[in-house]
Amino acid sequence: MSDHKVLHAPSDLDVLPRLDNALSRRVNADPESLEKGLAQLVLTVVELLRQLMERQALRRIDGGSLSEEQVERLGQTFMELDRRMEELREEFGLTEEELNLHLGPLGRLL
Amino acid sequence: MSTTSVSAERDVALVDLVDRLLGGGVVIAGDITLSVADVDLVYVGLRALVSSVATAEEKNLLPRMGDSLGKSALDSDAFQDEAFSDDPFKDDALGDDAFGNDALGKTTP
Amino acid sequence: MIELYAITDDPAPPEPPLVAVHGEGLTALCAPAERREMTAEVLWHHEEVIEALMRERDLLPVRFGTLVEDEAAAQRALYERHDELVSRLDRVRGAVELAVRANRRDSDGGQFFRSGAEYMQAKARQAEAAGLLHDPLAYLARDSVVRQGPELLRAAYLVDRDAVEGFVELVKRLEANLEDVHVLCTGPWPPYSFTET
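Chains as they are written, first to last, in my numbering: chain H, 6 to 115; chain D, 8 to 116; chain L, 80 to 276.
In case anyone wonders, no lab produced these hints; they're calculated from the structure. Quick caveat: nothing in here was measured; it's all calculated off a predicted structure. No residue lacks a Cβ here, since even glycine has one placed at the ideal position from N, Cα and C. Do not take every clue at face value.
[As the list claims (entries may be wrong)] Quick list of the computed label-pair ranges, beta carbon to beta carbon:
{"#": "1", "chain 1": "L", "residue 1": "Glu150", "chain 2": "H", "residue 2": "Glu91", "range": "46 to 56 Å"}
{"#": "2", "chain 1": "L", "residue 1": "Glu113", "chain 2": "H", "residue 2": "Arg64", "range": "46 to 56 Å"}
{"#": "3", "chain 1": "H", "residue 1": "Ser16", "chain 2": "L", "residue 2": "Arg204", "range": "48 to 58 Å"}
{"#": "4", "chain 1": "D", "residue 1": "Ser14", "chain 2": "L", "residue 2": "Val224", "range": "20 to 30 Å"}
{"#": "5", "chain 1": "H", "residue 1": "Gly69", "chain 2": "L", "residue 2": "Glu120", "range": "26 to 36 Å"}
{"#": "6", "chain 1": "H", "residue 1": "Gly68", "chain 2": "L", "residue 2": "Val224", "range": "18 to 28 Å"}
{"#": "7", "chain 1": "H", "residue 1": "Asp67", "chain 2": "L", "residue 2": "Met80", "range": "14 to 24 Å"}
{"#": "8", "chain 1": "L", "residue 1": "Arg114", "chain 2": "H", "residue 2": "Gly68", "range": "16 to 26 Å"}
{"#": "9", "chain 1": "H", "residue 1": "Glu74", "chain 2": "L", "residue 2": "His124", "range": "56 to 66 Å"}
{"#": "10", "chain 1": "L", "residue 1": "Leu146", "chain 2": "H", "residue 2": "Glu91", "range": "34 to 44 Å"}
{"#": "11", "chain 1": "H", "residue 1": "Gly69", "chain 2": "L", "residue 2": "Met80", "range": "54 to 64 Å"}
{"#": "12", "chain 1": "H", "residue 1": "Glu40", "chain 2": "D", "residue 2": "Val13", "range": "34 to 44 Å"}
{"#": "13", "chain 1": "D", "residue 1": "Val13", "chain 2": "H", "residue 2": "Glu74", "range": "19 to 29 Å"}
[To be verified] Here are some chain L residues the structure puts well away from chain D; computed CB gaps all over 10 Å:
{"#": "14", "residue": "Pro95"}
{"#": "15", "residue": "Ser194"}
{"#": "16", "residue": "Ala242"}
{"#": "17", "residue": "Leu257"}
[To be verified] Stretches of chain L that chain D covers, calculated by requiring three or more beta carbons in the stretch to come under 8 Å of a beta carbon on chain D:
{"#": "18", "segment": "121 to 130"}
{"#": "19", "segment": "207 to 220"}
{"#": "20", "segment": "245 to 255"}
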């Protein structure tokens, strides 16, 4: 294996999310980061559920069992949920990547 | 990209490295040191939740939309109960909430 | 305390400071544990150690930071997980892992949707695009796993060592065929995503 790890990259690398402070996810003991760490855990669970529900909804829509009105309501709800999640992430200074927690021996949450 | 240095490439590949080193590989229960000891307990709980959610999804047993979103953990004004008074999955044969209401935080307002 | 780096069925001894702990036909490659800060350099160094080992043998990388009390404990781990480890080693023999991440150009921009239906349609299109990228790659690879991440697609592929070049060519072709989807492919990596059943 070579030192060079990138086999193919888009011409504009900014389209990919950056790993800001990915390594700070390793918990440390000061109270501020403890609070942020807990926010991270909670938001990650919520994000997990949000993604699962969206996927479920898409399957239901594909299956044709929902009315237009129901699809519209689902879409509105998910949009709102998405917006709300973004607000909360900003409030706690968390990136999307940070909501994909590595829990040591317990694996990745998302 | 042809003149990218090793360090620049490493920056780009860091996400994939961390993903793998911390999230992949053989898991051998050993003495993993986490600096904040009580966080362990929360992790275990979450892991059980994730496993049961993943299984429930497979078995098509996910809870009804109304329950999870109407009383969401986000406690947002955006989620008014009226929006979910008509359960979109009313006619569906989805089973009962796979976790019991508690796990999804059906919070009392 | 000792740190576990990788598991293999090749009994050849590693370069110091690594030591081999043998158990029932398997070998755990270990080194004395050190207190370290979690930095990118530390992780890359760890990765280099495993890749150097992988140049000489097929292996399963162990999760970073796995410590056990002593060599006897490492040996017990080999006994306890023996059959599973053997089966996983057979699965990854002669192969490496490639990582793919893809996003839409406008994914960061906070798209504006005029209706809930439009939002759901966009989500459905995203899922479709992810499938158009993933499915051919998965077909070419020995095995694959898709992860849920912020990207349109985040996946790992187990690819025969001599099929890596062809895989990367396919990635490029697929990217060219998909409108406005940008793809990053990194590797080769040790088979981190294919060690657990």
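May I ask which of the numbered hints given earlier this structure violates, with the numbers listed in increasing order? Violated hints (numbers, rising): 3, 5, 7, 8, 13, 19, 20; every other hint is consistent with the structure.
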